[in-house]
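Asks: Counting along the sequence shown from 1, when you hit position 522 you're at 522 in full-length UniProt numbering, and nothing is skipped either side.
These aren't lab readings, by the way, just hints derived from the structure by calculation.
Among these hints, one or two may not hold up.
[Stated by the list, open to error] Capping the alpha-carbon separation at 25 Å, the derived lysine-lysine pairs in DSS-like fashion look like this:
no.: 1; residue 1: 478; residue 2: 499
no.: 2; residue 1: 122; residue 2: 71
no.: 3; residue 1: 499; residue 2: 470
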Amino acid sequence: MSSTTQKEATLFTNPPARKLRMFESQLVLPAIADAFRKLHPRTQLRSPVMFVVYVGSIITTLLAAQALGGKGEAPFGFIAATAVWLWFTVLFANFAEALAEGRSKAQAASLRSLKQSVTAKKLATPKHGTTWLPQPALDLRKGHYILVEAGDVIPIDGEVIEGVASVDESAITGESAPVIRESGGDFSSVTGGTRVLSDWLVVKVTANPGETFLDRMISMVEGAKRQKTPNEIALTILLVALTIVFLVVTVTLLPFSLFSVGAAGAAGVVSKPVTITVLIALLVCLIPTTIGGLLSAIGVAGMSRMMQANVIATSGRAVEAAGDVDVLLLDKTGTITLGNRQASAFFAAPGVTEQQLADVAQLASLADDTPEGRSIVVLAKQKFNIRERDMGTLNASFVPFTAQTRMSGIDIGARAIRKGAADTVRQYVEALGQPYPADIARTVDDIARRGSTPLVVVDGGRVMGVVELKDIVKGGIKERFAELRRMGIKTVMITGDNKLTAAAIAAEAGVDDFLAEATPEDKLKLIRSYQAEGRLVAMTGDGTNDAPALAQADVAVAMNSGTQAAKEAGNMVDLDSNPTKLLEIVEIGKQMLMTRGSLTTFSISNDIAKYFAIIPAAFVGTFPQLKALDVMQLASPASAIMSAVIFNALIIVVLIPLALKGVQYRAIGAVALLRRNLLLYGVGGIVLPFIGIKAIDLLLAAFNLV
């Protein structure tokens, strides 16, 4: 039985999500609403620091209601204003988190638009040409076999077991160019929600509904399952400890103040005890509310920045680990080199000119559609202006490369032109009874020693010379490795090449070490050896043979074009399938750690200015001598307290862009980074509040608001 595939007409009409600006109304308005929804006590409990502010807001609100009845401990206006700004402090922290989540939700909504109802073609037997029955995608299970043909949407994740087809994955990866998926090898994995453009595929289902790659992407992008990372937990413990210390100190100040007032009264001195409202304001200003309010937003934003780089991280722990990585394992091909060897030079045999060699080499490569063959044609054209010849006018026939002959070339009548590996060509020439020049053998050895590949060219049995094929190291890669070295990160190149070739390329690329003739067991052993030294290791992979090493690595980036086994073993998936992305992932991870450290330094530092503002104001009624500590010469005790509370709330808003965008990434070592943070965010955190609190005090005094 056959039937047409049923699917939503709008499945692939939705354009990719536009990148939203930080304070665009599409993000800000829902974030404002979410900020109020997050006032639920259960939500506030997730951040102990902000929960203290939340409780303080409730208490001051009750005190304001009491003051409204004329029985307040202080004027109603002062208590009410304090309560309002404490609520603003909580709301601003909620807004920062909601804004970070909003960008992720927009990305998730775009992905969710791909999850439309489709009807699959379920095969009775796993073979093309057999009968199939229509079945809803939601009823498919692991182990089922389906047929997808040109124009069909792939209903669920799977492995191709038969056929070859071009697949449009732009809805997931954002790349418009289709990719080839075929049975066997490392390009057999297909993702639900993508579309077959040509031919057909028989696919074995590898995921149940709700467990697909797209489902995992949506879950992680939304941050619904985001758990605190080890560093975040450690910082939270520190913030809680500081909060408890200040809470204990603040609570003891009330009886101390009452005792001092009583003692002063007995001596005939009139003084006033500190109020609960002032003590709450003091507590909120002294605990690290700035980093407490932005900590969650920093973590969510880190996940979002990964998504903007087209990388899906399966956990916040993976993003953070990327920032702590100190060993990078990098595949040579596609990461350090361009991936295709390029012809770089012609070395003619004795009695042959370089131009004659170039002419013959180009003839042998005219119908060779490999990158190496095309590069020989281009090099001959560039060096000697030798134009391509048409195979039809030459009346020639192309001889393709085979694993048996290890040569390719062209036959023009009785004239046989061949190019291939040195050993193979030598056997071919000697079988024809022709000499193999000793100079050519030496040239071949020299080329191999440089890390390049020698390709010997023969015309009618006569050795014409050697073409050097060179692995082209990517431009700028050496500078990037130098940056990583300055940050204390060791780079290790992994390659299947022999040691001579690997050493030459490693030296040119500037990596710190290399592993030649690498097997899956070698990679796994190397990772374990570094981890035994206490190092964090990152690597990329795309094949089933990479899965063990990916599972062992601390940061494992699987290519989206790779096998299902590789993607399941990794804790990140690069939708662009670009091995170089590992460097960017490390930078994003480090940027998140730098942002958290910088804002923590700033948050703790800016408390110093608040000491000079709020402590003299809070206790000047009890101890008039404390007026000497009012170095900012604030208008009044009430104005000083309000100015500190307002600054404490507004600084969260000011720092939201920095928390979401991250501090600027700099490739510097840990010591230099600490020195820079202490100077910029430590000293800046001390100076800025003095300026801000004084400016707010002047405004309050000018408009008689306190």
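Asks: Against this structure, judge whether each hint is valid.
Replies: We went through each hint and held it up to the structure:
Taking the CA atoms of residue 478 and residue 499, the gap is near 20 Å; set against the 25 Å cutoff, the hint holds. About 77 Å separates the Cα atoms of residue 122 and residue 71, which puts this hinted pair outside 25 Å; it is violated. Between the alpha carbons of residue 499 and residue 470 the distance comes to roughly 16 Å, so the proposed pair stays at or under 25 Å and holds.
Checked against the numbered hints above, the structure breaks only hint 2 and satisfies the rest.
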